[in-house]
Each structure stands twice: as C-alpha cells, then as structure tokens.
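Trainee: Going down the list, the sequences are from chains A and B. If you number the first sequence the way the working numbering does, the last residue is 135 and the count never jumps. If you number the second sequence the way the working numbering does, the last residue is 1216 and the count never jumps.
Hint data in this document are derived by calculation from the structure and do not stem from the laboratory. Keep in mind that a hint or two might mislead.
[To be verified] Quick list of in silico lysine to any residue cross-link-like pairs, SDA-like style, CA-CA up to 20 Å:
(1) A/K40 x B/A1010
(2) A/K40 x B/I1159
(3) B/K1046 x B/A1010
[Claimed, not checked] Simulated restraints on C-beta separations:
(4) B/P1108 x A/A31: 37 to 45 Å
(5) B/I1025 x A/F12: 37 to 45 Å
(6) A/H36 x B/I1159: 18 to 26 Å
(7) B/R1104 x A/K93: 48 to 56 Å
(8) B/G1077 x A/A31: 33 to 41 Å
(9) A/P68 x B/G1077: 22 to 30 Å
(10) B/I1181 x A/P82: 42 to 50 Å
(11) A/L18 x B/I1159: 41 to 49 Å
(12) A/Q45 x B/G1021: 31 to 39 Å
(13) A/F12 x B/L1144: 41 to 49 Å
(14) B/L1065 x A/S7: 51 to 59 Å
None of these values were measured; they are calculated from a predicted model. The beta carbon of each residue, even a glycine, is placed where N, CA and C say it ideally should be.
In case you want the letters, here they are:
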Amino acid sequence: MKSNIRSTVKTFRWQQWLVVAMFLLVAGFTAFKAVHMARKVIYWQTHRDEPIHGWMSVGYVAHSYRVPPYVLYLALGLPHKPPDKRPLREIAKIQHRSMDEISAVLQNTIIHARPPYPPPPTPPPDQSPAQGASP
Amino acid sequence: MNLTDHLLAALLLYGLPALFGMTMIAAIGAPLPTSLMLVAAGSFVKQGEMTLWQVIIVTSTAAVLGDQIGYGLARWGGRSLVARIGRKIGGEAKIRKTVALAKRWGGPGIFFSRWLVTSMGPWLNVTSGIAEYPWRRFILWDVLGDVLWVVLNVMLGYIFSDRVQAIAEVFGNLAWVILGIIVAVILGWKIIQYLRSQESVTKNDLPNRDQASRPW
C-alpha cells in the first residue's frame, strides 16, 4: 500500500502538487483558527469581564460589568437621565481626557460598586449637566 | 480605534440606519463584520436601546436587498463579461460546467451561505447571477437564509448581551473553521480520487501510465 502511494506520488504533475499544497495550506489555516477559537473559549469561560473599549457606551459597560449605570455616569460627571448613548471615545474627546483615563475611572468605580464593598446608594433624582454631558 | 470599533460606535450613535447601511453594503461584497454588528444589536435590544422586531425586519431587508444587487449586477452585466473573457482566453467549457454546477446546487448553496458560511454569500450571489439561477428560487432561498442569519445572531447577542466581544471573537473564528473544513474536505477528496484512479490504473497494468485518464 505504502509503495503504491509512493509510486503514485511520483506521477504527480504540477496540478496535483498545487492541490496538495492548497490542501496543506487550508488544513493548517483551519487548525490555527480552531486552536485560536478553543483558546478564546477557555479564556472567556474563566473571565466574565470584557476589557473596556472606546466603542462601548456607559450603559453597555454597566450592563457588561453588572453595576447600576447611574454609578458610572456620575463617575464621569454625566447626568444619568436620559441615558447617554455616546461611545466612550466620544465622551473622552469632549472631556479632553484620554481613553485610558476614562477606562481607569470606570474600572475604579466598578470595583467600588461591587462586593465586598457595600452596594451603591439609590440614584439621585436629577443631575445638572456637567462637562461633556449630553445636550 | 480599528474599523470594527468605528462600526460599533456608529451603531451605538445612529442605530437602525447604520445597521441597514452596513448590512446592505456587506451583502453586496464589502468585508464588514456584520455578524458582530448583529450580535451587538441583540445586546442593545436586551438593554432596551433597540427594538427586536425592528432590528430583525430592517437587517433582513438590508441583507436581501444587498444580495439582490449582487445577483442583478452579475446576471445583467457579469454574464456577458464572463462570456467575452471565455472567448478571448478560452475555458468556455469550464465556464459552462461551473454554470451547470451552480444551477444544480444553487438552492442549498445560497441558503447555507446566508447564515452558516457567510463569507461565501457575495460570491454565491455573483455565481447565481452569472448562471442565471431562477430569480424566484434565488429570492426564496435568500430570504430564508438571511432571516435565519439575522435571528440567530441577534438572539445570540440577546442571550449573551454582556459579552458581545467574547461572542464575536469565538464565532468569528468558528466561521473560518467551518469554511476551512469544507474547503479541506473538497481538496482532500480530490486527492483521494486521484490516488484511487492511479491505483486502479496500476492494477489494470496499463503499459503507459502517463496516458491514463486523470480526474483533474
């Protein structure tokens, strides 16, 4: 059987070699993607919190980290009503702060809004618009 | 911010019109991460920022419209172009074979490329148009597949609404793995076919192996 395959391989022309090369390339790429996917699945099974990115809104961060949204709005000096839908990157630009700074403020607030810290108090009735607030 | 971040930010700011535009452009052939947009839209539905039925109707309509544009352009423009190229550089027989194959397997191909192997979608629109796959059947498979794709992704985003990025990372890779497996199986099958044909040639003990029929 082995010698049969060997003798058949000897008859390969460039077309056959091209198909074999394409097969190896596709198989390698698929294996790479499968391993990458498996690593992501394992990672996300043990990490519930997503890193904060510029596209996220304050509402999404609050939802993702399971903290009351008004806590994060207050930390950024924004009114919590009506909900501000702008991406964090936009808020950072208007407030003349870097995205890292905004992210650090939110992370710090999230830590203090979750156990073992006591739950945050009930939201204040209304906020006066602060710097970078929605019109 | 990379392109994906810009698109997600646009989705947050402009909502349904942004989702409509991105989905339609992607259905025509632009490589935009629309599945991720749908997952994000599902998350926004869960947070009360979007309405489920609106997202499903708007996105399905955009996807079907984009597919129709791709199909139409190929059918009324691409076919004559391919025929001209075929006449000039040869390969008319191969084109005829491809067209016949597209007509035979068009339906399931269109359906599965809408929601399972989405990166193939725009290509299938073009090949269906060139093959003059019946428009009524094309739109039937197209609507079925697109609605399924939209509902699956939006519901995924709705269920895992706090983990949009995680879902996008895992399922973005899954789509490539599925496509890779399909292509690898086809290529592997071609290799096995060739090896078998050569084996039968050896068994029959033909005097000149180079004269033997080759499957490809």
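Trainee: Determine for every hint whether it applies to the structure shown.
Mentor: Tested hints:
1. A/K40 x B/A1010: violated (26 Å)
2. A/K40 x B/I1159: holds (18 Å)
3. B/K1046 x B/A1010: holds (18 Å)
4. B/P1108 x A/A31: 37 to 45 Å: Violated - the Cβ-Cβ distance for B/P1108 and A/A31, about 27 Å, lies outside 37 to 45 Å.
5. B/I1025 x A/F12: 37 to 45 Å: Holds - the Cβ-Cβ distance for B/I1025 and A/F12, about 43 Å, lies within 37 to 45 Å.
6. A/H36 x B/I1159: 18 to 26 Å: holds (23 Å)
7. B/R1104 x A/K93: 48 to 56 Å: holds (55 Å)
8. B/G1077 x A/A31: 33 to 41 Å: holds (39 Å)
9. A/P68 x B/G1077: 22 to 30 Å: Cβ of A/P68 to Cβ of B/G1077: about 56 Å, so the range 22 to 30 Å is violated.
10. B/I1181 x A/P82: 42 to 50 Å: holds (47 Å)
11. A/L18 x B/I1159: 41 to 49 Å: Since the Cβ atoms of A/L18 and B/I1159 sit about 44 Å apart, the hinted range of 41 to 49 Å holds.
12. A/Q45 x B/G1021: 31 to 39 Å: Holds: the Cβ-Cβ distance is about 35 Å, inside 31 to 39 Å.
13. A/F12 x B/L1144: 41 to 49 Å: Between A/F12 and B/L1144, where Cβ atoms are some 43 Å apart, the hint holds.
14. B/L1065 x A/S7: 51 to 59 Å: With Cβ atoms ~56 Å apart, the hint holds.
Of the hints listed earlier, those the structure fails to meet are numbers 1, 4 and 9, in rising order.
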